[in-house]
Every structure is written in C-alpha cells, then in structure tokens.
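S.K.: Residues per chain are reported as follows:
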Amino acid sequence: DAGVIQSPRHEVTEMGQEVTLRCKPISGHNSLFWYRQTMMRGLELLIYFNNNVPIDDSGMPEDRFSAKMPNASFSTLKIQPSEPRDSAVYFCASSRDYYQETQYFGPGTRLLVL
Amino acid sequence: DAKTTQPNSMESNEEEPVHLPCNHSTISGTDYIHWYRQLPSQGPEYVIHGLTSNVNNRMASLAIAEDRKSSTLILHRATLRDAAVYYCILKTLAGGTSYGKLTFGQGTILTVHP
Chain A
187 DAGVIQSPRH
197 EVTEMGQEVT
207 LRCKPISGHN
217 SLFWYRQTMM
227 RGLELLIYFN
237 NNVPIDDSGM
247 PEDRFSAKMP
257 NASFSTLKIQ
267 PSEPRDSAVY
277 FCASSRDYYQ
287 ETQYFGPGTR
297 LLVL
Chain B
-13 DAKTTQPNSM
-3 ESNEEEPVHL
7 PCNHSTISGT
17 DYIHWYRQLP
27 SQGPEYVIHG
37 LTSNVNNRMA
47 SLAIAEDRKS
57 STLILHRATL
67 RDAAVYYCIL
77 KTLAGGTSYG
87 KLTFGQGTIL
97 TVHP
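Here the protein sequences come in this chain order: A and B. Counting along the first sequence from 1, when you hit position 49 you're at 235 in this note's numbering, and nothing is skipped either side. Counting along the second sequence from 1, when you hit position 59 you're at 45 in this note's numbering, and nothing is skipped either side.
Treat the hints as calculated values from the structure; they're not laboratory data. Mixed in with the good hints, there may be bad ones.
Which bits of chain A does chain B cover? Going by a derived footprint, with three or more residues having C-beta under 8 Å, they are [stated by the list, open to error]:
id	segment
1	228 to 235
2	249 to 256
Calculated cross-link-like contacts (lysine-lysine; reagent style DSSO-like; alpha-carbon spacing at most 27 Å) [to be verified]:
id	chain 1	residue 1	chain 2	residue 2
3	A	K210	A	K264
4	B	K77	B	K55
5	B	K77	A	K210
6	B	K55	B	K(-11)
7	A	K254	A	K210
8	A	K254	B	K77
Small disclaimer: the values here were computed from a predicted structure and weren't measured. Even glycine gets a Cβ: it sits at the ideal position worked out from N, Cα and C.
Just chain A, with the same shape it has in the complex (with noise of 0.2 Å):
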C-alpha cells in the first residue's frame, strides 16, 4: 500500500496567492482528516470528512480556507488569498472509519507564505 500521499510536498508562494494542497487516502478508508501543525500551536485539526461528507470543519481558521473532497480517492485545501501566517505544515491523514480506527498519516506539505 502506498500511504497517504499529498502533493506538493513543499510550496513557496507570495501573500495574496492562492494555494490548493492535495491528498490521496489510501483506498477503502472512509475518513478523511486534515491538520496544520506550527511551532506556536502544534498539530490542530482543521476539518474531516466521513465518506467523502464534511463532518466537522470547526477547526477551519476562517473563510480563506476551503476543503473539498469530491470522491472517496481525493481531497484538496485551499486558501485564498493565503498570508504568512498560514506558513505551516499541512498533514492529510485518513482511516477505514472516523470513530474508532488507527489514523495514518501522509508526509505532509510544508507551506511558506511571504
């Protein structure tokens, strides 16, 4: 099995940009989760899908960033117009269900914004 595979895996941009960060769960996961992670505030969970549905978004920071998922094998996040302060790494992760199973990580997109 191949993982979690996001792309790309490292994106330089200019403030006012935008920027669309992919992910590919492995097949037959249900769930869908992305997370940012800082140095000043860890690994936060920004949203997650259940079989290609947004269940949960309320960790979205605000109307810049956007989440889609239009099929069980894709997903993407985007933020327009993106700032510095979205400078992050960006983790997609997914699992066979969203209550109970494992979560398996992707490598994640490390994102600078100047």
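Chain B: place on chain A using the hints.
M.R.: Just chain B now, with coordinates in the frame of chain A:
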C-alpha cells in the same frame, strides 16, 4: 474535553527501556487512550491504544492504571530510530463535538543517546 499531561522531554540510552508517562485525571469511561509518535520531518504515526487493560504490540506496551487516571507507554529497548515526539491522546466515543477526534497536545520529546 479531557486533557492529558506529559513531560516536555525525556532522555534514554540506546537499548534501554523507556517509560513515557501520561496523566489524564479527567478521563471518562468512554475515552480511549491513544499514543502516536512523530519522527523528525514526518507525519505522526500510530503506536498503540487501549481502554482499560494493558496492551502489547510489536512497537510498544501500554500500561494503564487501575483508576485510568494515568498511563505509561513502554518502549522495551529504545533505538536511535525511536527518537521522536510522543503524543498521549484521549479519543472519546461519547458523542458531542469531540467525538472521534484526535486532539494533539505538546507531547514528550524523546532523545535517545547512542
């Protein structure tokens, strides 16, 4: 939400056992105790979880106090590859806004000396 308390850092020598403590005095009956670890520049990975009884797997052992107010992750023979941040997390199955979520704290930074 039930919280966990872990030491900021611990040190160990290679091939020696390591006991990583976690306090969770406000744990409820429906909270599972999960441990994840994060190796440098990687996403978190699952280590072990339990509810009431001690648990063993190929990576580690989890010892849970009888009153469930604390637990200890045991690495039987630390290797250099075990150097990571270890997170103790309570995962509730009681419903509500925390249902099924992993809420990461600051964790314990484990340093393993050759």
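S.K.: For the pair supplied as a hint, K254(A) and K77(B), confirm whether the alpha-carbon distance does not exceed 27 Å.
M.R.: Judged against 27 Å, a Cα distance of about 25 Å means the pair holds.
S.K.: Hint check: K254(A) vs K210(A), CA-CA at most 27 Å. Holds or violated?
M.R.: holds, 12 Å
S.K.: Can the segment 249 to 256 of chain A be counted as covered by chain B under the rule of three residues or more with Cβ-Cβ separation shorter than 8 Å?
M.R.: violated (count 0)
S.K.: Quick one, are K210(A) and K264(A) close enough, alpha carbons at most 27 Å?
M.R.: holds, 15 Å
S.K.: For the pair supplied as a hint, K77(B) and K55(B), is the alpha-carbon distance within the 27 Å limit?
M.R.: holds, 14 Å
S.K.: Count the residues of the segment 228 to 235 of chain A whose CB lies closer than 8 Å to any CB of chain B, then report whether that count reaches three.
M.R.: Result for this restraint: holds, n = 5.
S.K.: Regarding the pair K77(B) and K210(A), is the alpha-carbon distance no greater than 27 Å?
M.R.: holds, 24 Å
S.K.: Measure nothing beyond the straight line between the CA atoms of K55(B) and K(-11)(B); if it is 27 Å or shorter, mark the hint as holding.
M.R.: holds, 11 Å
The structure does not agree with numbered hint 2 stated previously, though it agrees with all others.
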